[in-house]
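There are 2 protein chains.
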Amino acid sequence: MLSGGEFHLEEDPTDAAHTFADEIRREFPNTVEKPLLRLVPGAGGLSVEPLVVGVVFSGGQAPGGHNVVAGLLDALTRANPASRLIGFLDGPIGVIKNRYIELTPERVEPYLNTGGFDMLGSGRDKIEKPEDLEACRKNLTALGAHGLVIIGGDDSNTNAAVLAEYFKANSVPVCVIGVPKTIDGDMKNDYIEASFGFDTASKVFAELVGSICRDSMSARKYWHFIRLMGRAASHITLEVALQTRPNLAIISEEAEARGWKLMDVVDLIADVVTRRAKAGKSYGVVLIPEGLLEFLADVKAMIAELGSILGEHEDYLKSLTSHEDRRQFLTEKFTAESAEVYNSLPDGIQEVLLLRDKHGNIPLSQVETEKLLIDLVSDRIREMKAEGRFPGSFSPLAHFFGYEGRCVQPSNFDADYCYTLGYTAAQLIRGNVTGYTVSARNLTAPVSEWVMGGVPVTSMLTVEMRKGKPKPVIRKTLVSVDGKPFRAFAAERDSWVEEDRFAYPGPIQYFGPSEVCDRLTKTLMLEHS
Amino acid sequence: MLSGGEFHLEEDPTDAAHTFADEIRREFPNTVEKPLLRLVPGAGGLSVEPLVVGVVFSGGQAPGGHNVVAGLLDALTRANPASRLIGFLDGPIGVIKNRYIELTPERVEPYLNTGGFDMLGSGRDKIEKPEDLEACRKNLTALGAHGLVIIGGDDSNTNAAVLAEYFKANSVPVCVIGVPKTIDGDMKNDYIEASFGFDTASKVFAELVGSICRDSMSARKYWHFIRLMGRAASHITLEVALQTRPNLAIISEEAEARGWKLMDVVDLIADVVTRRAKAGKSYGVVLIPEGLLEFLADVKAMIAELGSILGEHEDYLKSLTSHEDRRQFLTEKFTAESAEVYNSLPDGIQEVLLLRDKHGNIPLSQVETEKLLIDLVSDRIREMKAEGRFPGSFSPLAHFFGYEGRCVQPSNFDADYCYTLGYTAAQLIRGNVTGYTVSARNLTAPVSEWVMGGVPVTSMLTVEMRKGKPKPVIRKTLVSVDGKPFRAFAAERDSWVEEDRFAYPGPIQYFGPSEVCDRLTKTLMLEHS
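These protein sequence lines map, in sequence, to chains F and C. Going by the working numbering, the final residue of the first sequence carries number 529, and the count climbs one at a time with no gaps. Going by the working numbering, the final residue of the second sequence carries number 529, and the count climbs one at a time with no gaps.
One should not assume that every hint holds.
Copies of the same chain are indistinguishable here, so a pair counts whether it falls within one copy or spans any two.
With a cut-off of at most 20 Å between alpha-carbon atoms, the simulated DMTMM-like pairs for lysine to aspartate or glutamate come out as follows [said to hold, decoys possible]: (1) K221 / D357; (2) K278 / D90; (3) K333 / D298; (4) K281 / D125; (5) K221 / E498; (6) K371 / E351; (7) K278 / E498; (8) K281 / E498; (9) K281 / D90; (10) K97 / E131; (11) K221 / D125; (12) K371 / D347; (13) K221 / D90; (14) K300 / E464; (15) K221 / D379; (16) K281 / D271.
If you are wondering where the hints come from, they were derived from the structure by calculation, not from laboratory data.
Whenever a hint applies, use it, and build me the whole structure from the sequences.
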């Protein structure tokens, strides 16, 4: 797509008509109902003036971020060597506080193809409060900026739309463009086939899980419970399962669709462990998505009740000095089922849940779900053993992989993809459009056939109730149990239970045969097969 | 070294004269005082008869084990196509119980360059009891075996010597040869420059640690406490530190040499965290070797006392129903210093230490040292904060890497090295020598210049007191604080504390430029520079 020459933007006729919720029309009067845009070869309509553009990382790291910046800088300076790129520091707070560095080719070049966001840092602040919106206007105007590129996930792209709308409403000539980033893989839709970082991170986790599968099968004495990052969607767990074929992989979305409770998951794991024990295999691997607990019916209900109880009685609970007293008090307040769920948790976890975070949320994500499941499954197997229903032994080990995959140097796919995303973001700013996220389609084809362009953020917005108020958001795309990746997994997984069908993808390769170095994720291939 | 043609074995004149302890002369009368052997090009003296050879994996997995088998098989069948290789299953117990499979080229070929020991399985049994020695004799004789290759670490190679001596004493014509394996890197000496697996495993851990360093520097809000496998020696931690330059790496052998106590380590970490906090950096990475606690003076003393107390009062302690009662009883029995150490540990760890393993040992290795240190450092920083001596925040995260590195496909170095080790083992059996471990020198040179051969296991034995009795063992080679790798680390590390000097080795590469794919460990290069 980027092979030399000039481009222009054209309206994409393939886009379906949208119906916009009133909430979205009301909040985005100036940026709603814009066309889907496609970047196509041939000069026309894109600015060749020197441009000043800002760029900022928002949220958690994902492999390839530095290449987005490199693509952006190359595209800007290729269109006009006098163009300037401003890198805001430590995330959106840098735009608000006007902290930045000038990004020259000399500064960016050493970061090409490196992992991390350390060239600029990142942060989780949002540009939402009126005074922050105003500060951004002031700072960008003072810099003479024509555009701002926000590299982030669903929330950050929503934030880009808010900022674009604010600028448009106030006649500020700064285009705001989002770039889809998240290793979780949950920012994808008809316009964006993949968020960057998912390819690399899932391959790193698959490398590690594959090695542990091989270790399990060599040592023949451990059960490895491996939790994988991904707060909401289970895309990573599904992709890693497709790449490595563990004995069992729990998918949160399936658990929710089937209305599973915590003990259903325990039953499922205990059943697989028992079937293997009966086949003489006291070892295996089970994958657990980080966000699982939030998808389990009884845990969700218990957490909701706990929220209400804490809302009403937090001070009294804090005044109780012993864990046992707190437990008893809560048991009386809970419904019978929630009391049972709460009391089935280990003491430490019972206490952790009482410590609400600064947003007032129950810190369910602090629960080490793999260890909780090890505890509960161990109890179950002890009972079965006492009843003579479990042969063999059960020695579980816990692992959590997450931080290991966020700052890896990008795979060849993510390296190309990120550079292309940045390059495209520059063209959208040259085209003077705002409130868009870079779109990317046909990614299973060779790079030269990728269809790049822009999708209006408003086209991706839906309205969700947050804290009792309607709020436009880009909904996270969860694993669809009707989608091809899940169906491929579901069709195969039974054969993984008793047989050792493990696969070992190995470390990401950059230099070798294309089938090794440039292979796509199974998710992407299946979704577009 | 292996470039075509025939070989013979010659006595190596470079070997120093040995003095053997009486204990070793007494236990190994038939296999002591043998010459160091070197494999050199040119035919002469090696059997060209068809040979039957057994091979067995012993102990924990290390990358490259399958290549040892492949090299062994190739060498045997190249010398005589009628030779046979027998693979014993699930470790030494397979030799005792006569469980094996025939290893044909068709069976071995798919495992070439793969990780794991799953072609045969492994196990930790030892061939020591008279009836087990006799069973091995019987089984190997029935197979018509000429040799047995034991792929294992220090204990397994000692075990090879015991078996060789037993066979020699009983005129059993089976040669026993050991191959030096362990990711921990602690089986090395003048004859063996590296144990196989260390190169690959340390590179996998360095990949992960490097990514976490980058994550730390990008997110700028977490302190990562990373424990790395290696029960005794800190070679892995030292190598990973040299490859990634974390802010702090604790080396057990230095801690012991300096007589550090647990609180000295806590002080050291707290000091580094504070220095960085004062420089505005509330993030960083600290590496902790798995075996650290066993090297700390006060912990060692406490564990020794606890062993005595448990020996005398275990039943009474078990009769106490509450943790507090047990703690109080122990506090009275301990010396004041051990009581203080014991009571400084979190409750859970205090209890874990009371559960002796099946060998009667205190299970110190079950302590998650990185979490213990996080607890203790957090307490320290809370105090300092209360006194206004600590600016900034401290958000620690715990990691443990071990199982991830044991079954990876071997690096190019380990792939070549393992194949060569197996190839050489075959030549030693063809030369009809027994009680030898394959030796390997000049490994920093190109493969064609490696000096391969055999070292009598007895030359590596020293006598240690175990359970009150003198026992010949191959002593684990720990990190020398006078050695070049440690000195290189010590010379550099101060500059890693406040500045971010992190390095990111990335995943192991197989296909690219030689400086990427064939780089040696820093340890090996420094030791032989």
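Subject >> Hints that the structure is at odds with (numbers, increasing) >> reply: Structure breaks no hint.
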